[in-house]
Amino acid sequence: MTPSPSSAPRPVINVARLPASALDHRSPIWWGNLLLLFIETTMFALMVAAYFYVRQNYNLWPPPQVNSPFALLRPVPTLSLPLISLAVLTLSAAPMIWADRAALHRREGAVKIAMTLAVIFGGVLIAIRFREFRYLNCRWDDHAYSGIIWTITGMHLLHLIVGTAENLLLTAWLYLHGMDEKHARDVRVGAVYWYWIVGIWWILFGVIFYGPRLWPQGQL
Amino acid sequence: MEAVLLQLTSHITQSGYGSDLAAAARGASMLDPGAEQAAEVAKLWWFFFSICTAVFVGVIVATVLSVWRGRGHQSAAMPPPAVEKEPRRDQGLVFGVSSAVTLTILLLFVLLVRDFFTDRVLGTPSAPDALTIRLTGHQWWWDVEYEDLLPHNVFNTANEIHLPAGRHVQLQLQSSDVIHSFWVPSLSGKKDLVPGHPTAMWLKADRPGVYYGQCAEFCGYQHANMKLIVFVDTPENFAAWQAAQRNPAPEPTTDRQRHGREVFLSRTCVMCHSIPGTTAGSRVGPTLGGLASRRTLGAGALANTTEHLRRWIVDPQSLKPGVRMPQNELPSEDIDALVDYLQTLK
Amino acid sequence: MNSTANEPLTDLTLVAPAHLAKRETELDQKLEKVWQRPNGIVGWLCNTNHKDIGIRYVVTAFVFFGLAGLLAFAMRLQLAVPDNTLLGPDRYNQFFTVHGTTMMFLFAVPVMEGMALYFVPLMVGTRNVAFPRMNLFGYYAFLAGGLMLYGSFALNIGADAGWFAYPPLSGPDFAPGKRVDFWSQMITMTEISALVAAVEIICTVFKQRVPGMSLNRIPLYVWAMVVTAFMIIFAMPAVMMASGLLAMDRLTNVTTHFFNPAEGGDVLLYQHLFWFFGHPEVYIIFIPATGFVSNLIPVFARRPVFGYTPLVLSLIATGFIAFGLWVHHMFATPVPELGKSFFTGASIMIAIPNGVQMFCWIATLWGGKPQFKTPLIWVLGFIFIFMIGGLTGVMLASVPIDRQVHDTFFVVAHFHYVLIGGAVFPLFGAIYYWFPKWTGRFLSESLGRWHFALFFVGFNLTFFPMHILGMHGMTRRVYTYSAETGWGTLNLLASSGAVVMGVAMLLFLANVWKSRRTGETAGSNPWNASTLEWATPSPPPSYNFAQLRTVGSRDPLWIDSPETTALVDGLSTEKREVLTTTLLDAHPDHKYELAEDSIWPFLLALVVGLSFTGLIFHPIAFPLGMGFAYLVFILWFWRGNEPKRASLPHVSEGAAS
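If you read the sequences in order, they're chains W, U and H.
Numbering-wise, the first sequence is residues 1 to 220 according to the working numbering.
Numbering-wise, the second sequence is residues 221 to 566 according to the working numbering.
Numbering-wise, the third sequence is residues 567 to 1223 according to the working numbering.
Please keep in mind that the hints were generated in silico from the structure rather than gathered at the bench.
The structure displayed is predicted, hence computed values, not measured ones.
A few of these clues could be false.
To be verified - Not the full set, but computed from the structure, chain U residues with beta-carbon under 10 Å of chain H:
#1 Ala297
#2 Ser395
#3 Gly440
Yeah, the Cβ is synthetic: ideal placement off N, Cα and C, and Gly gets one too.
Start from the sequences, fold in the hints, and give me the full structure.
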């Protein structure tokens, strides 16, 4: 920039002593994560809208299951394992909250343990989720209804996998290199992502598992 | 004024391609309505056009003036910016912009209201004596079925529709494969034929004549050759035509024609085509009843002449590539006989 | 904040000008070393400089523009006379599909993104975007998508179901082979690229503005890009869903039934999903152009813009309302009539904020001294052509009128008027304006006027007759028509217009070619403009600004003075550091270190591109691709995180917050 023509002294703000990172919404990465959550929430919202849109085409909802030996007239998804999965998912927020707060207070040891627990929870949840598909009581290619609930469940599984994979990577780093400011921030941002994974599943679970029960369509 | 503008636009489309054109241009323009529906829309369109033109002229004049005013201040190097606030000048601008915005809102509201009035007029009429036609879209032809309460009065044609002038017609629209769209601009706006969503629209053609249209939703390879001709007949002519269609196909009179019918019934033709009055009843392809009185073959792909019919039967792919009809290798005299027979189907 | 003490963490001192000059030279040298671009071919692949990435986007987008333009030219040749045999139905169907897809996904959105990625960081006074490596990844994703589409097209298996690919025509029953699958995976790649650019823009604008640039002082172009970025965030998921569900319906072993009416699926579901994206998409293309116009007009009217606040509110209103219009693309379908009325109302209502913008621009010109130079000439052309397009748009908002002209050449005319008039004209204006900043040389003014004149005349000659053709029955996407229709004359006229447009574009290329070598040289602020990109040399150094300075107004270079602003000092000259500031008022907040150049974005894009290409053929590509992507990501995260300097503080156990 061209130097000022005036001969008066210029004010100069020196920012050298500002902190080198932020651990909360003041960090650009936190915003980047938030925007990602907007994108994914929009996706799920559209899927839920598609679920209800397609429902107009049916007299019975869920549509009858004719591909199994004993045909089911209204195969609502079975609740047993999915409810357990929902409970475990909600519990998995606990180690993440712990890691979140520990990172905020710069307690490296606590963060390491909490993140390890979070990764274990994640792995268990992924395993349960793969089994959970059976409890939807339909194959993904039976009809439009089955396609949509498999897609919703599958997309959420994708988030479980991505979240756990990220946590795994971060945990490995923490054990190998310790926790610096940047990674403390990463732990906190990852925690926000995990809270979203838990929260959004409550809504999706409600739609898939309770929707047909509370608002049945058609006469048996 | 509308008539003058219509003349002008018709002239533009009419130069140098032959006398047939006057008729064609007359029968295929949304601004040359032959039915109640199209007439309403044409009126609405001119209303919108006038207001939009006025707005356009206003904005362009304002823009040109605003640049014209600055013509004395041009310089190669950019003059210094006027950053001091000028309350009087800006007050004038505030007034100008606010008025323009208010006027815009008013005009848009006027357009909206006028539009809703047209919508109401175009709604479902009360029409106890309506004629019902079921139109099924296929790749790339139209199946037209005239409904009736008495099953033996129901008959089919393909690609050409006859309508009685002055009578309400309900067109029931459905598709057997992909999305198509029924559109005859001089008669009414279009409606899509969507698989899984059968729907209906109303028509009341008032002016007898010939009207042209074509499929208006991209439906694949030969979308360009999925044309429609609508004949709006006087009520008497329509009744006569309808009666003729309800009769079975006439018996062939010559030996060659009889041989032709035999060829038809013993070859693959019957797998797709039907002829009322024979045992051929397949609905896969267009019905051949009334084939001889149609103007075109292949849903508008070519004119209906003996030579074209012959070539079409032998190798439709060369005339309308991609069409669902296969080539047919037949001995020459069989084809002649077949063509002869088909030309008796009036 | 770390410290619980009440002392501020920024120091304000006074420095004499003589020291400043010396300091600036020192800064230049040190910053150049830290921010320098990497060398060689590998270096070119690793370069995370936002200006270079922005230019790559723009140049690549223009290459696609040229390709799509050639396709359009061929289509116009085919349609010039009735019953023409230049292009058969299969070719023609591929041509119009690839033309539309290229223009919408590979030109219009990326070029706007590219311009934004170049100028937004400069305009807000920072040194790079928030996530430089992700930015580079976004570019490669875009390129991969384009290669996918054109690769298949070159092999004569190009997509041929239209740029919106409605099922059932695009479904497994009626579109055999892999044509539509290439299309849908291209959508995925370009959608990822757009989302990446959107995240970059929002995070950069929200967090990295120079101190003093509160939200009500950011340039209107930056506002336009922020609104656009939010629209991208909420609209792109819809097209990803539409194309993804279509891809699943088509993929062997998956064969879902989302759009299969026989199994309860719904063909209209696709249309709703697609147009929920599709309508905002056109505003995603148009709003950046209004940003260009809002930026250009004050400079060439030689006064600050009239109505900054109404213009901002109009942008935001347009952004919101744009999401409520989509069913107007479906007025001919069997959607409930009452619902359609709502969309008529919304479609008419969106003309109001557009009108506010238009009137504020004209008011700026009226209240100023308009300088009749090429950038302004393009803006005037924009006003003329966009008004026509916008007004035919108001006509299309009416259901009865739309049912007549939908899917005809009237609509083709309408959207070319709004897209070319509304986006391409301002884009050319912006290019003539910013070329000196990019290259240090002006584009030729006289060649520029010829370019404009020919393009303007050619455009109107090509597209105006199409309004009439549509009203006279000519439907879209027809590879030929017969002589009896009477459409021949107007089609011939339209095709001759296309020739004129082609010549105009050749003139433009000649202008760019010539001016790069022998154009009149330009300094840092040749137009005497007011925004921050002009406060640095032309072309800007890799670090944008040696010495950042605060802003105190909306037009810093016109209004701010040394007395009312301060220089900003204290950012590192050893590593790539930027200053983050608070969201609303841009107070200095903390320092944020940006990553170095890296090869991982390229490698990740390669893996992702190959995975999505594999997904065209078999679903196993999905888990395999995810696995490889994870591996690359591990390496990216690990290698990119090794502390290169000792300055990263290691956190001690139990430190108080």
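Quick rundown of the hints versus the structure:
no.	hint	in the structure
1	Ala297	holds (8 Å)
2	Ser395	holds (9 Å)
3	Gly440	holds (6 Å)
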